[in-house]
Amino acid sequence: HAQRTVNLVGWAIGPDDPAIHRAENLEAAVDLMNAALEERGADYRVAIETDFETVSWDDYRRRILLGFESGQAPDIIISSHIDIGTWADAGYIAPLDDYIDRYEAFGDIADSLWDFVTYKGSVWGVPLNPEARPFYFNKKLLAELGWSDEEIAELPERVRSGDFTWRDVIDVSVQAVEAGVVEEGHGYWHRPVNGPDFWHTYYAFGGRLQDEETGQLVFTRDAALGMLTLYRDMVEQGVLTRDLINMPWNDWHRAVTDGRVLFNSAGTWTWAQWALEFGMGFEAVEETFGHALQPAAEPGGRPNTLSQPLAHMLFAGSENLDVAAELLSYVVSPELDVRALESAHLPVLESTRALPEFVEDEFLSQVVYMLDYTTAQPIHSGFGRYSDVFFRAISAVEAGQVDPEEGVEIVVDELRRALGDEVIIE
Amino acid sequence: MRSGRPRRPEAGESVSTRRAGAHLRTPALFLTPAFVVIALFFVLPAVVTVFLSLTDLSARTMTNPTFVGLANYEYILSSRWTPIVVRNTVLYVTLTLAFNVVMGLALAVSTSLLPDRIGNGLRLLWLLPRITSPVIYVLIWQALLAPAPFGLVGNLMGISRNVVNAHPWPTVILANGLIGASLGMLIFTAAIRSIPRDLFHASAVDGATTWQTVRRVVLPLMRWPIMFVTAYQTLSLLASFEYILLLTNGGPGFYTTEVWSLWAYKEAFQSYVGNVEFGLGAAMAAVLVVVGIVASLVYLRVFRFDELLSRPKVEVN
Amino acid sequence: MSADVRNGDGVPVSLRGLAKRFGSVEALKPLDLDIAAGELVAFLGPSGCGKTTTLLLIAGIYKADEGEVWFADRRVDGLHPRDRDVGMVFQSYALYPHLTLFENIAYPLRLKRLPDAEVKRRVEQIAEVLGIAEQLGRRPSQVSGGQQQRAAIARAQVKEPSVMLLDEPLSNLDAQIRLQARGEIRRLQKELGVTSVLVTHDQSEALAMADRVAVFRDGALHQFAAPDELYARPADAFVASFVGFPPMNLFEGEVRGGEFLTDGLRVPVPRSWPEGRARLGIRPEHVRLEGDVEGEMVGFEPQGREFLVNVRVGARQLQVLTTARPPDTST
Amino acid sequence: MSADVRNGDGVPVSLRGLAKRFGSVEALKPLDLDIAAGELVAFLGPSGCGKTTTLLLIAGIYKADEGEVWFADRRVDGLHPRDRDVGMVFQSYALYPHLTLFENIAYPLRLKRLPDAEVKRRVEQIAEVLGIAEQLGRRPSQVSGGQQQRAAIARAQVKEPSVMLLDEPLSNLDAQIRLQARGEIRRLQKELGVTSVLVTHDQSEALAMADRVAVFRDGALHQFAAPDELYARPADAFVASFVGFPPMNLFEGEVRGGEFLTDGLRVPVPRSWPEGRARLGIRPEHVRLEGDVEGEMVGFEPQGREFLVNVRVGARQLQVLTTARPPDTST
Amino acid sequence: MPLRPRAWWLVLLLLAAITVPIVVGYLWIVIGSFNTRVHGITPVGEWTLENWRFLGERLGRRPSIWTALLNTLLFAGGVSLLVVTVSAMAAYAISRLSFPGRGWFLGLVLVLHAFPAVSLLIASYYVLRVMGLFDSLVGVVLVMTSFMMPFGIWLLKGFFDNISWEMEMAALVVGASRWRIFRTIALPLVRPGLFALAVFTFLVAWGEFILPYTFIVSGRTWTLSIYLQSMLGDFERADYGLVAAVGLFYVLPAVAVFLVGQRYLLDMYFGGSKG
Ligand SMILES: Nc1ncnc2c1ncn2[C@@H]1O[C@H](COP(=O)(O)OP(=O)(O)OP(=O)(O)O)[C@@H](O)[C@H]1O
Ligand SMILES: Nc1ncnc2c1ncn2[C@@H]1O[C@H](COP(=O)(O)OP(=O)(O)OP(=O)(O)O)[C@@H](O)[C@H]1O
Ligand SMILES: [Mg+2]
Ligand SMILES: [Mg+2]
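Residue numbers (our numbering), protein chains in the order written: chain A, 70 to 495; chain B, 25 to 341; chain C, 307 to 637; chain D, 307 to 637; chain E, 7 to 281.
This is chain A alone, in the form it adopts within the complex:
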């Protein structure tokens, strides 16, 4: 009897080798699904053509958008969960609620992750590759500063308990600079370009980004002021170099792996990067760096981290929506999910956490607790602008162009102008 082949197209994005599994898992899922189809005696088989993108997010999103618009978008798109807001609003992606119910495989996904892909009461994506963004400290430098091994070993716990705060980061850094352990401006480094890492600190200062009820964006003046003041103080006290913003990533990592920076905020994937790409090797990384949650703002405050998982989304205009959705149910199988480890991301399935590969990965099994402290960025189409304005303010404060108060006022102004009643200023 005649057998149809349903041809799907899937796009994924990520840095080469470590993330290639995002595309390869789609292909592997096709084999799983075809086996199941054969068993089931279905009259069709599935094929997929994947495109794995390694250029910038901007370019990737623009291409997707034009694809959506012209009807030439792929059936399955892997992108950041925060894209859901815009694309769902525009009707480009399909709600997945029915499918989530239909295939029990999805039930294995950790409950906390569904929040990331839920927007306006519907689920729009199947999450993958969540991560945590740890606060790293250089153990060797701390030792140089006179910290005992115990003191160093206790640090993550002190952070977790809210005992070691951002203010302490400044104090220790100032000591380190004074003691000549690190150069001036090399006490604490955040990421050099715009990105999600700033929000955990904003949250730490009590900031809110989105109103649960209305879905509107929220800007918390005090939190922003606290955060900007923190950075201003860091720059003024020689903890954070005022040239940090716009530094090429390469130089950033080089400085960190050369042991010239005491504290930094980065991601779980950075761990592998330092070991492999910056030539340290896992052993040296292990010896050099310790990781903790991002500190709290006040003693006793809640430390946190931030996660920005990716999501599989389905093009609403796809002719094979059902087949594509079914394929996703095969992607969420533990043997595929576990490949997230390759890029130092965390698995999404509960059952994957039991697999030996995961248990044997010391680093990831050590940081997985962070998911309990995780925060997320809002799913809102105005958030890009919001984030841009805020980042510019950070840059301006660190460069000494404005003081934190002015910075906050400018942000408020800009947000009102750009987003109108889509943003609540509190």
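It should be emphasised that the hints constitute simulated quantities derived from the structure, not laboratory data.
Warning: the hint list may mix true and false statements.
Label pairs and their calculated CB-CB ranges [unchecked claim]:
id: 1; chain 1: E; residue 1: 76; chain 2: A; residue 2: 112; range: 35 to 43 Å
id: 2; chain 1: C; residue 1: 329; chain 2: D; residue 2: 340; range: 51 to 59 Å
id: 3; chain 1: B; residue 1: 107; chain 2: A; residue 2: 355; range: 52 to 60 Å
id: 4; chain 1: C; residue 1: 524; chain 2: E; residue 2: 171; range: 20 to 28 Å
id: 5; chain 1: B; residue 1: 235; chain 2: E; residue 2: 62; range: 48 to 56 Å
id: 6; chain 1: C; residue 1: 524; chain 2: D; residue 2: 437; range: 16 to 24 Å
id: 7; chain 1: E; residue 1: 76; chain 2: A; residue 2: 282; range: 56 to 64 Å
If we take Cβ atoms under 10 Å as the criterion, some of the chain C residues that face chain D in the derived model are [to be verified]:
id: 8; residue: 353
id: 9; residue: 354
id: 10; residue: 489
id: 11; residue: 493
id: 12; residue: 568
id: 13; residue: 572
id: 14; residue: 576
id: 15; residue: 602
id: 16; residue: 605
id: 17; residue: 616
id: 18; residue: 619
As the structure is a computational prediction, the values presented were derived from the model and not from experiment.
C-beta atoms are modelled at their ideal positions from N, C-alpha and C, and glycine is treated no differently.
For chain A, the structure is supplied; the task is to place chains B, C, D and E with the ligands on it using the hints.
Chains B, C, D and E with the ligands in isolation, oriented as in the chain A frame:
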């Protein structure tokens, strides 16, 4: 000798009407491809852009944008950054242009004074920035300007800061200037080579040193090329932002080195999340188009480019 | 001499009230001119007098502002140049530098899409006639000026046009070759019987080659006559001074009692001449340095076999051509 | 005639073994030449013979490969052109297109940083002399060729150089203006007494203007003599054929028994000539169309006051210049 | 320039001095492609050929670099050919044909250059879509052509201006149409200009990234610029040694084209002739 035979108007009539038709057919044939390209890829997009600028088109509303009138323009006007960005744009265009033209001239003249082989070699070196991919070119800059111990400049001058951040404007202008200089260099060199040898000989015999010949003969003769490069580069620079985007991304701080086209690009194309404001970006692009058109019209008049057109010596087509 | 032209393929050419202006410049004032079939007419005149303009009007490159051009009974103004059946040779030769002489000459035939064999036959034939058969494979830059000029003629001639237009075809040639080329062009033109117009500002060329010469100045025709008539009976002072080399001596004066009188100079003239103010022209070769006139030699130029002597007689200067070496040649 | 030059500001110029090659082309073979102070010497020769090269060597534009250039007792090779005190007029005039005629002429003076008033005085003076005072405010492209040429001379002359070099200054001019310009240049040169070298490939120009003429071919000097000597006693066949117009008739043949014999032609020659193979040159104007020789007229050209007739005698062609109109002028 | 000053080596010294930064920059990238770590321009890491492995193997899912090279050659070559063709025709008309509005047209062409290409991207997208050229190489080549056309017309107009009118007249009287003259006489005579424009356009198209990347969504036409960009995504992990090597590889063909085309580039004269 006059024949005195009366003219035959009928013949003349029919002949001249046929001629008039044929007369325009040939230019039309030659210009059609250019016209099609212009219509499809300049006029139409410009019109579409103006139209889009009156809508709230964004990634979210792409399927059903709504008409918002001049709201986007009001938004631009009401922005506190508009004056700064305008000032930046003027600064960027004039300084880079000046660097381009002066450096282009200096390079063209000086390489022309050297033996051909050496001159060609130097010109190739100066062309390298233009033919190198922008990302690589910026990579080089960042590398050389990085803080010690990575950056050469930092190492040599003992600056521990990242020079791009410490001196954003000189960096932006130099980085763009080096690229633009090569266009001027090529065109000016070609212009120098087209000056008859006799003029150089005459000038030498008249008692001029090489420098005097350059100043009194060569430079004045480069009027057209200089004007062309000035006009062309002004427009190129108005629309260019790639290197600023990669070098400073408009920073550091609030809009320190942000120029209009970069602003427009960011509004229309760059966003941390999926939503981008095409409508607003289109309004900004439309402003740029208008500025560019005005600038080129001014150049056309001031530089009297119409003098470059001479009456064709063949009157039939 | 216009009597003995052969009526080959040539057609009579008739210009009727032909005129052309460029902006405010009247390049050609309304001109009537009839050229017989097979005749070679020279347009002679100083630079800027409208010779080329007239030629280009005939060829159809310029559009006339007024007037008509007739080739026999065909009115051609209004026709595209390619429909007029003319051949043209330019001062610069205008050979195509990227083509060999063969392809240059073949160009008009290729346009007619003649078969290759036919093209080859005709190009080789005309090249043979003009003595450039050996050079056909070369580019214009690889042959001498004289050969280029012949190639240009060949190209104009190869499609056997009924009218041939030559714009200063010889002026870029060295003096030695020029002489030879004159003869060749004249011979070819006679052989083929093609009606020809030759533009030149060199009076010796016009006189040597043309059946009739049209003398222009400032866009107006001054005289149209056979060479010997032009030389012997110039229509006006301009023609008199322009034709003949070294130029004629011209004096303003008065005819009285069988003599022409001007400052310090008196010349006997036929009694029949009317008395009163007049202009007298004397050719330098008709003056002999003898007799009782007192003069001072103010200039002296050896011309090879002759000497051109500038003599001041009273307030007048007189140019004299003589074979005798003057007694003292110091200024 | 070189005897009567005035010793004005001119200096004697002496070339000693001067030579120049471009790659494999020997543009100038080692040349010795002495030019007297105030003398006007013409360099004559066909295109590419090295005339311009020699001039540019004297000016200092080219560096000599060998040899020396002396201006009086100053050795100048090795000096920059600006230190040689020469003026030069180029064939293309090389006027600066962006400057008015005034500024063109003033250019050498401005370079010397003369005060404005002095510049104005001197420019206007020389412009007056050369008759271009009216045009001083115009650009080169706005004046006629003749005026451009005069401006070029003025520019070369204004700084009163001790040596003046003129590279075909007349070749771009119309025949009529050329004649006038010859006289002007000659007059100016004599007045100022500046040592001058005039390059030309027009023998009539060289003969008419120069005190002495140097005839070149292929980078080598063939003869250096006064014009009449050059005409009357050419040093070799090349000079003989190159000097004189129409060119001399040259025959290969044999002298035997007081006669020169060649195909179908016998010419009586002085008994004193040695017997054997020889070449005989006869100028066209020295042949008379009379006597018992049988010939066929194969070409005929009116030249205004004379006729150039091409006669075939046996296998030879002979050019004859005659004032008599031949009996039948049809070919 | 004739009349080289005696002190030309001084000029050379000066020029060399200001050229040092460029040389140093490219030295850095050359060293960087062969060494694991560079401080300033001093290699402090190990020497390696590892960064050049892309010559022999495929990196990740990218095609072979040679495929990308071939695509880029085709793309740049195609754009170059089209720009030359369209510009030559228009420039010929402006320079040589008599029709009303010639000056206006030349002005218009300069004005066109004022249209900021990238800002019109979205608008161009709509146009391409309406024409059915979105997602096709043809569309991208056309848009690219339109960017380079103003330059091309100005450049070639100057060249056509310099063709002797007599050559054109000579062809006209022997029966050629203007189109025929254009093809058989004018184009060959401005060949240096065509080459100059072709080389220049080629070099520009060689570096183009945004257009081919954005306007071709299904499947992928890998050009070298996309290949290079794909190694530089914003994932904090660019392998700079590899990027340097690819960057060098990328610039080499352009250098070769420049070297071959330099003598034409140095003949592109924008004075135009008057008269
Ligand atoms: N295309 C043109 N545009 C404007 N003026 C022109 C044009 N062609 C000729 N003229 C003017 O018309 C007049 C006659 O020019 P034409 O070329 O016919 O002279 P000519 O007799 O051929 O001169 P020459 O001997 O210098 O070639 C001149 O004043 C010239 O400047
Ligand atoms: N700069 C140069 N480079 C190479 N060869 C040259 C150069 N200048 C002249 N020549 C060659 O040297 C020879 C003599 O040239 P020159 O210009 O002196 O001749 P000329 O007598 O002035 O000729 P013309 O009458 O054509 O001006 C020629 O063969 C020429 O090709
Ligand atoms: Mg003319
Ligand atoms: Mg010469």
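Checked hints:
| no. | hint | result |
| --- | --- | --- |
| 1 | 76/E - 112/A: 35 to 43 Å | holds, 41 Å |
| 2 | 329/C - 340/D: 51 to 59 Å | holds, 55 Å |
| 3 | 107/B - 355/A: 52 to 60 Å | holds, 53 Å |
| 4 | 524/C - 171/E: 20 to 28 Å | holds, 23 Å |
| 5 | 235/B - 62/E: 48 to 56 Å | holds, 54 Å |
| 6 | 524/C - 437/D: 16 to 24 Å | holds, 21 Å |
| 7 | 76/E - 282/A: 56 to 64 Å | holds, 57 Å |
| 8 | 353 | holds, 5 Å |
| 9 | 354 | holds, 8 Å |
| 10 | 489 | holds, 5 Å |
| 11 | 493 | holds, 7 Å |
| 12 | 568 | violated, 22 Å |
| 13 | 572 | violated, 24 Å |
| 14 | 576 | violated, 21 Å |
| 15 | 602 | violated, 15 Å |
| 16 | 605 | holds, 6 Å |
| 17 | 616 | holds, 8 Å |
| 18 | 619 | violated, 18 Å |
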